[in-house]
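Visitor: Letter by letter, the chains look like this.
Number of protein chains: 2
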Amino acid sequence: MKVDGKPYRTIWLNGNGISVSVIDQTLLPHRFKIVEWRTVEDAAEGIRNMAVRGAPLIGASAGYGVALGMLRDPGDEAFQRVYELLFAARPTAVNLRWALDRMRETLLMLHPKERAAAAFRVAKKICDEDVLNCSAIGEHGRALIERAWNETGRARPVNLLTHCNAGWLATVDWGTALAPIYKAFDAGIPVHVWVDETRPRNQGASLTAWELGHHGVPHTVIVDNAGGYLMQHGQVDLCIVGSDRTTAGGDVCNKIGTYLKALAARDNQVPFYVALPLSSIDWTIDDGRSIPIESRSPQEVAMISGRTKEGVVCEVRLTPDGSAALNYAFDVTPRHLVTALITEYGAFRTIPEEMTKLRREAEQADKRQVNVFDR
Amino acid sequence: MKVDGKPYRTIWLNGNGISVSVIDQTLLPHRFKIVEWRTVEDAAEGIRNMAVRGAPLIGASAGYGVALGMLRDPGDEAFQRVYELLFAARPTAVNLRWALDRMRETLLMLHPKERAAAAFRVAKKICDEDVLNCSAIGEHGRALIERAWNETGRARPVNLLTHCNAGWLATVDWGTALAPIYKAFDAGIPVHVWVDETRPRNQGASLTAWELGHHGVPHTVIVDNAGGYLMQHGQVDLCIVGSDRTTAGGDVCNKIGTYLKALAARDNQVPFYVALPLSSIDWTIDDGRSIPIESRSPQEVAMISGRTKEGVVCEVRLTPDGSAALNYAFDVTPRHLVTALITEYGAFRTIPEEMTKLRREAEQADKRQVNVFDR
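If you read the protein sequences in the order shown, they are chains A and B. The numbering of the first sequence is our numbering, which starts it at 43 and goes up by one. The numbering of the second sequence is our numbering, which starts it at 43 and goes up by one.
With the rest of the complex left out, here is chain A:
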């Protein structure tokens, strides 16, 4: 999407063919800085310090990280070191492992001489596939926004509410929850987005507000407490959020606080949509209550980062010394509160039986293939 009028992706191969550029997201919204990765160590550090974040972007970063590693040494042992270095950078990220395994599958079958070039091709393919998926999610979601607009008699902008950042910054381009909004905006449908600030890490107030603003989409930042009031007063036509993991049964694990907005949406008859690529569905779990929830550092609650009036970005303490804090990162929104899942294949009220069946078969086939390969 656009930054200062110029289209960007979150990660790209530079013209020199031997280095990769990314946006350093740790400095947003206060500073827009592009950093260059020349080595696999640069990529691993960028994943570790969260210069890049969001499952799809982490996968793409790992792909390019492998490619940078293969440039220096394409041997089998070097590959193994590169794999381990990148995997250790963010071991809980499912997409990281997925991307690394995909690189391994392709590369280890090739002669070392061919590996670097092939790695850049596969990394590019991972990026392009992600863009296609997000774009498709965007199109299916745009249709829902357009319908909401028609329901107002095209008389006023459609008011959407989103939580956290499931925008293009979390993917390679378009985003998931924000893709429908960008597609609608680009198609001339008037939209206005309520942006939950999303404590404790404030990805809404910092990343979502920043990317919507740069693309020119009208938006207003609100505290996480405000969405219920807005829905009670008819100021939200629909909610769209992303998902970190969705169960085969349709329960949605997403940023903490998503569940509260889903409850308010239900209480006020506001449609509540979840946008996600099928790759984020966990076909092995039906009931969302069995998803383990990460408990992150209490410091994220006790402290907050912001910009002083002198322009310095720093952390300040919010809580009294001696007060404990607790920081669960996600919650689970049960399926009955979700109006529809917006995927690259369309919007579904529940995940179709057929899709579940096909996916399970594909997974078993994958496992068989990996087993053969591992021998």
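It is possible that some hints are incorrect.
[To be verified] Pair ranges (Cβ atoms, derived):
#1 A:H275 with B:T81: 49 to 55 Å
#2 B:P49 with A:T326: 28 to 34 Å
#3 A:S339 with B:R338: 47 to 53 Å
#4 A:E193 with B:T134: 33 to 39 Å
#5 A:D228 with B:R90: 46 to 52 Å
#6 B:S63 with A:G276: 46 to 52 Å
#7 A:D228 with B:T134: 40 to 46 Å
Everything labelled a hint here was simulated from the structure, so no lab data went into it. Every residue, glycine too, gets a C-beta built ideally from N, C-alpha and C.
Keeping the supplied structure of chain A fixed, place chain B upon it in accordance with the hints.
Guide: Frame of chain A; chain B shown alone:
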């Protein structure tokens, strides 16, 4: 309640009989500072800059402010100036007007010579009545906490969740929502409090955490997004919040975000209690949806105050330049989500018919009396 082991009220007459002390709440939780008011101007400034806040405490402050004014000049014209000065300090605070009218009723009937001493007596009475009311709310609420404890077989602490600050800092002592918690704690019932940080002004993370910590009550600060997750996982036995205004029908206007917690409580069969003095019931309104909601400065959303690692308290910016923000201060929780209202007269599922009738009659009598007096 206690600060560093020593019992305090939020406002008190000093031993010299001619000055009043208050806790400067703008510096909490980072600094505990007592300031002395020697003049009505000091009191007005303290109300204006929110060194004192919370309806009951504002009322008590106005009472003592009048007394300080009468010390200097007890004449009728001076009284009028004092009234106007204090009223202008926070004109939307209902309790401010109520306390000033009460002072006027008593003082203007007296000889000017007698007014200063009488004013201190009435101000003290306003304080003592508030303490009695809060203490009674605390006792009725303690019984509910004790019942919850018994329901666990007295096997573990009772987990409570509260939003914003309806503690002793908002009143003269005890508080409203926190009074039952202090009473339970002092009675040896093991309690643990989840403290919503309560964006945007963070009264939970700063004031509630501070006062619970100083009294020794176990507590944990959480972001406003987390309560739903905790209730889904059986980690909240009951919620207690305060109320800025409750309608005769039982709808509760309280800090923004209260409604979301009430929805989560209902969805997880967690009792949701509202603690309030009867004086905060608006007998003229039945439907909470007709309460006008204050929209405060967007700067409260865009900026936040905290303490740097150098120990300096400062404001930092959270949102991108150019992103709008909106800041509704309150929301309304409909009566069907409230398990009971805990008042100084007991806990009620709905406000008893008889109480409504008596109160309406009393109000009309009051009006007649004021009319007579105004003539």
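Visitor: Hint compliance check: list the failing hint numbers for this structure, sorted ascending.
Guide: 1, 2, 3
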